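Colleague: Sequence lines, in order, name chains W and V.
Residue numbering for the first sequence follows our numbering, starting at 3 and increasing by one per position.
Residue numbering for the second sequence follows our numbering, starting at 112 and increasing by one per position.
Simulated from the structure, these hints should not be mistaken for laboratory data.
Since the model is a prediction, treat every value here as computed from it, not as a measurement.
Backbone N, C-alpha and C define an ideal beta-carbon position, used for all residues, glycine too.
There's no promise every hint is true.
Under the rule of at most 20 Å between Cα atoms (straight-line distance), these lysine to any residue pairs were calculated in the SDA-like manner [said to hold, decoys possible]:
hint, chain 1, residue 1, chain 2, residue 2
1, V, Lys276, W, Pro252
2, V, Lys422, V, Asn407
3, V, Lys249, W, Ile228
4, V, Lys202, V, Asp184
5, V, Lys137, W, Asn234
6, W, Lys247, V, Asp158
7, W, Lys247, V, Leu150
8, V, Lys318, V, Gln542
9, V, Lys276, W, Asn234
10, V, Lys255, V, Gly400
11, V, Lys174, V, Lys254
12, V, Lys422, W, Arg206
13, V, Lys137, W, Val256
14, V, Lys137, W, Pro219
15, V, Lys137, W, Pro252
16, V, Lys137, W, Glu189
17, V, Lys377, V, Leu411
18, V, Lys137, W, Glu264
19, W, Lys247, V, Ala215
20, V, Lys137, W, Glu261
21, V, Lys177, V, Ala155
To give a feel for the contact side, a few chain W residues facing chain V, derived at Cβ under 8 Å [stated by the list, open to error]:
hint, residue
22, Arg8
23, Pro198
24, Arg222
25, Val223
26, Leu265
27, Gly266
28, Ser272
Quick list of simulated restraints, FRET-style, between CB atoms [claimed, not checked]:
hint, chain 1, residue 1, chain 2, residue 2, range
29, V, Lys249, W, Glu229, 20 to 26 Å
30, W, Ser208, V, Asp212, 38 to 44 Å
31, V, Pro208, W, Glu207, 30 to 36 Å
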Amino acid sequence: MKWDLRKCIGVSALLHLLIFWGAASLSGWGGPKTIYRPQYSVRLVGMEEIEGKQKGAQEKAESAQPSPPVEKPEPKPEPKKPEVQVPEKKAKEEPTKTAPALDKEKQKAPPPEPVKTAAKEKSPDQNASAEKQTAPEETLDEILSKIQKKVASRGGAVGAGARSSRGSGWEDRQAELAFNAYYDEVERRVRQNWIPPQNFDPRRESLMTVVSLVLLPDGRVQTSYIEQSSGNPYFDQSVMRAIFKSDPFPPPPVGLTKENFELGLRFHSSPVAQSPW
Amino acid sequence: MKKRACLWVVLAFLAAASLPAPLEGKTYIDIGSPGFRSLPMAVAEVDPETEGGSCRDPALSGKIAKVLLQDLDISGYFQILPPESYLLESKDVKFHPDGVDFRAWALIGAESLVLYRTRCEGDQVVFEAQLLDVLTSKLLTWKKYRAAISAFRAVAHRFANEIEKELTGVPGVFDTRIAYVSRATGAKELYVMDFDGYGARRITSLKSICVSPCWSPDGRRLAFTSFFKSHPSVYVLDLAGGSELRRICGTFYRLCSGAAWSPDGKWIAFSASVEGNSELFRTPWGGGGASERLTNDWGLDVSPSWSPDGKQMVFVSDRAGHPDLYILDVETRQARRLTFEGNYSGDPDWSPRGDWIAFSSRVDGEFQIFRIRPDGTDRTQVTYGPGDAMSPSWSPNGRLLAFSSNQAGNQDIYLVRIDGSGRRRITWESQDDSDPAWSPRPTE
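Isolated chain W (complex conformation) (with noise of 0.2 Å):
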């Protein structure tokens, strides 16, 4: 009887250590599942066949309504670590590398610079004002299905995120689509209101601080903190100022989100530029 009691504790105790393990590891315990934004990340998809049909179905999409583009990059499914296919420097000199579902004025102003053959995907506003003579032949429709069925056929999930790790439908992926523009536009802004200190030397620290925000659906900020710090307090104050200056951000996706978003930003001391102090 004794033995038996020693013995089911024993078990008892052995499932239980199983189990929260379990737990522990499908829920992400000791701190939520970071997803980190596969920014720069682009794969191909079949530009080079699709390409001339794209640029139609471009324009169409320009005169009617603001859908999703088509074209834009499905980043891979691991973000965690993104495999850089656009050098990094020429991804943030494109203006247009967001996918204008949130940005439609964007569309109607392209830049004047050359498409390049890296960036193609993302600039198809330029493909559609240079051709706008071209007929569209299929509707948006069509190509996006199409496009669709080629992604399938190369096998691996197409999703990026958490998002799209979860359903595979095609209203995940243009979720997955808006949330890029979106995030896209956030960068943009924050960065554009950044002034990072300069009493550092960035050859020798790398700093980098991680602030967490909540956001209304209007985009005001509700809630921001620093989880966590680079250890530098200018380079953290000039990182909230720049929350600050952001603030109202932009709305997040309508009916995307829940009534309140949480979003994460990483500031990184690099690249500098052209500063040599």
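Let chain W serve as the given structure and place chain V on it in line with the hints.
Modeller: Only chain V this time, still in chain W's reference frame:
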């Protein structure tokens, strides 16, 4: 018993299943540094009529503000917004932080706000100033200075230092000085002036040639080369006066020149001629001890400058055929070549921050200021013509360089930011001014 155990197992699994579903991942956006940007700042006076009215010189407050604005401009960190853009009249600006209408300043794009007021009490000026963060509506610093009216420039410099320290983490260099050589009297004598060119005073009367001044790390002494006893020798001068000139080369060395004080103040390095060839030496300062020879090769080795940690020294040598920069490991006495481009590089000065070495090098027949990393990378031209630019000297924060240039005909001292911007002439004598040496920060 078994049944019960099974029940527990089932219950445990049920419990596990009822745990909250995996959390939705939070997305993190990476934001890279946009590089250097200046901070938009507004500077406004409070109650000029009532406060400034107490001064005999009604323009005094304006003079202080002018020095303050000039300092902030030289630093390059700040972009002063034009007063025309301010939404508030001076009389509506309140000095107390609680009374500051931060929105009115945020609207014009200011991130920082400086409010100041000046009044006089007898022969003294009282300058009170605040630095406020417009975005967070916070008071960053509030200082009150009392000084003789004649010292109003020092008051402005002090507050400019505070501003830079508060916003960048590193105090400014606005209370530092520059030693230099001037021919104002006909002979080449040593002078010391404020970093912005004001308040110059002569400190030697040797009626000879004095060159290459170098500050002791405590800023109290100057070592320099003088020819006043026919052959050149290195002397040390106490700026507080009192003691006489002290020759440091000893009796053995002839043609001794180009002193450099080690950062810990314990050594003075110089070059001296041995058997017709110039080599580097160091001699202990303060205590006794013998001089040590640091280099030994057939080329001429001159112009040493210490690294901030005192372990290395950059110097000029023509051992490869023409003057180039080399770095000497003081411990091992091993030298490595630093510059390979150009056929004439000289006047090296190691930044107090350690990250750059400034030097002059000949380009298209003209000398210009360059900087290079101590590992030999990132060689960058800082100044451009017309005219020669020579003898660079770092500010204590490693952000500015003083140098001499004959751009305006005769030699004058100029300042420039490390990126080549903000070039500014600071001496205006009709005679030559050259060989600037920027002082360390004053010790309190």
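Colleague: Which numbered hints are broken by the structure, listed smallest first?
Modeller: 1, 4, 5, 6, 10, 17, 22, 24, 25
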